[in-house]
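A.B. asks: Sequence:
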Amino acid sequence: MANETMLDIAKSAVALAKQKGAAEVAVAVTETRNVDVNWRDGKLEKVAEATSRRLGARLYVDGRYSACTTSDLRPDGLASFFDNAVALTRTLAKDPHRSLPDPSLYGKVAATELQLSDPKIGELTAIDMRRAAQKMEEAARSVPEKAAILSVTSGVSHTATTLTRVQSNGFEGAYSGSVFSMWADVSIQDADGRRPEEGDWAETRFYGDLPDLAMLGRQATNRSLVRRGAKKIGSGVMPVVIENRAGSRFVNYLLAALTGSALQQKRSFLDGLVGKPFGSDKLDIADDPLIARGMGSRPFDIEGMGAKRLPLFEQGVLKNYYIDTYYGKKLGMAPTTMDTSNLSWKLGSKGLDALVSDVKEGVLITSFIGGNSNSTTGDFSVGFHGFAIRGGKIAEPIAEMNLSGKHVDVWKRLVAVGNDPFVHSAYRTPTLVFDGMQVAGT
Numbered sequence: 460m461a462n463e464t465m466l467d468i469a470k471s472a473v474a475l476a477k478q479k480g481a482a483e484v485a486v487a488v489t490e491t492r493n494v495d496v497n498w499r500d501g502k503l504e505k506v507a508e509a510t511s512r513r514l515g516a517r518l519y520v521d522g523r524y525s526a527c528t529t530s531d532l533r534p535d536g537l538a539s540f541f542d543n544a545v546a547l548t549r550t551l552a553k554d555p556h557r558s559l560p561d562p563s564l565y566g567k568v569a570a571t572e573l574q575l576s577d578p579k580i581g582e583l584t585a586i587d588m589r590r591a592a593q594k595m596e597e598a599a600r601s602v603p604e605k606a607a608i609l610s611v612t613s614g615v616s617h618t619a620t621t622l623t624r625v626q627s628n629g630f631e632g633a634y635s636g637s638v639f640s641m642w643a644d645v646s647i648q649d650a651d652g653r654r655p656e657e658g659d660w661a662e663t664r665f666y667g668d669l670p671d672l673a674m675l676g677r678q679a680t681n682r683s684l685v686r687r688g689a690k691k692i693g694s695g696v697m698p699v700v701i702e703n704r705a706g707s708r709f710v711n712y713l714l715a716a717l718t719g720s721a722l723q724q725k726r727s728f729l730d731g732l733v734g735k736p737f738g739s740d741k742l743d744i745a746d747d748p749l750i751a752r753g754m755g756s757r758p759f760d761i762e763g764m765g766a767k768r769l770p771l772f773e774q775g776v777l778k779n780y781y782i783d784t785y786y787g788k789k790l791g792m793a794p795t796t797m798d799t800s801n802l803s804w805k806l807g808s809k810g811l812d813a814l815v816s817d818v819k820e821g822v823l824i825t826s827f828i829g830g831n832s833n834s835t836t837g838d839f840s841v842g843f844h845g846f847a848i849r850g851g852k853i854a855e856p857i858a859e860m861n862l863s864g865k866h867v868d869v870w871k872r873l874v875a876v877g878n879d880p881f882v883h884s885a886y887r888t889p890t891l892v893f894d895g896m897q898v899a900g901t
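Following this note's numbering, the numbering of the sequence shown begins with 460 at its first residue and continues without gaps.
Don't read these hints as lab results, they were simulated from the structure. Among the hints, a few may not be true.
To be verified - Taking lysine to aspartate or glutamate pairs in the EDC-like style, the calculated list, with each CA pair at most 16 Å apart, reads: (1) K871 with D894; (2) K690 with D730; (3) K594 with D500; (4) K690 with D894; (5) K778 with D730.
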């Protein structure tokens, strides 16, 4: 479906919804194509291709609101869809805070400037992807200690998406995006009978930006091999280093408290703290949807509001929340944007190894497992795997450990930020170093 056709469908849908009785309407038409190839232990495990088209509509009818979707984009199908959707919306309770954004917030960022779509995506065949997955497995099994390997699974996928949005108060916008992913998981035999499994992965907008396939395969095996013999160590209050690829899980707990819904429902430990110190001066983050080829980049958000950089924390001081039109009205706050795009950190000057060398004794977290975080109180307790740090060096592997505390305390203990953002995630988290966190083991 060409962009012009999608725009025509979106415009027609808006006109149709208004004809059926909607006072305001926002329509998004999305077309997605995904190809996924998995390879396991020398054999092709899966080849899957899927294409989907759908239309989502936000309807504002007689002071009432609903959000509905359909995959039937035929004219007759849309007519029936809006007949039912408008009628259903009229049965709901009125909500005076529901409306489309002020048109002055709509932006004109050119999607081409963001480089979101690889023009060569159509040239990558399923055969190419199978060969890439096979190459990763071969590399994973090429390490000197390959006898310990029990199983290797690898995969390559790509997704192409086109989004067209039209809103009845003047917004029209469209953009296309591509995502390429590759990964390898390796399980190995441990001396005590356990079968630790680790891996490596990468995700980019352009296929040419993916790391070397063989390097990723070997790294997946090496990350598994060093897990052998992992066990608990003693509990205590100690420095904690969080590897860049693991940091997004912990940072997400912080971002969850920044949303308008959390604030309005009194479920945010950051409520009322704008303009006040929250963390150390190393906590310096902005939401930036304008990073070229960024995994979270976009010319406009889900409401059509124009993309712009939004400071979140500056030298530890909370600057802004994620506020959409609805919660902005309920809270009496100006809208910013509805949700996260890319995170842009004020980076330090050291990488992981140098930051570890500054720690006399502590732990390095390479992955979080389970646990929870309370966005109301700020209490958290999460499990993790990683390594002990002894004398500034990475020592024995550790497992089944627990990290706990309160966000309002631990972010004040952020003492260093790395120079190594993990660019394969929209969070782009660098290595983070905290001083004096509660770690529980034996």
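A.B. asks: It remains to establish, for every hint, whether it holds in the given structure.
C.D. replies: Hints, one by one, checked against the model:
1. K871 with D894: Holds, at roughly 9 Å.
2. K690 with D730: violated (39 Å)
3. K594 with D500: holds (12 Å)
4. K690 with D894: violated (23 Å)
5. K778 with D730: It holds: about 12 Å lies between the C-alpha atoms, which stays within 16 Å.
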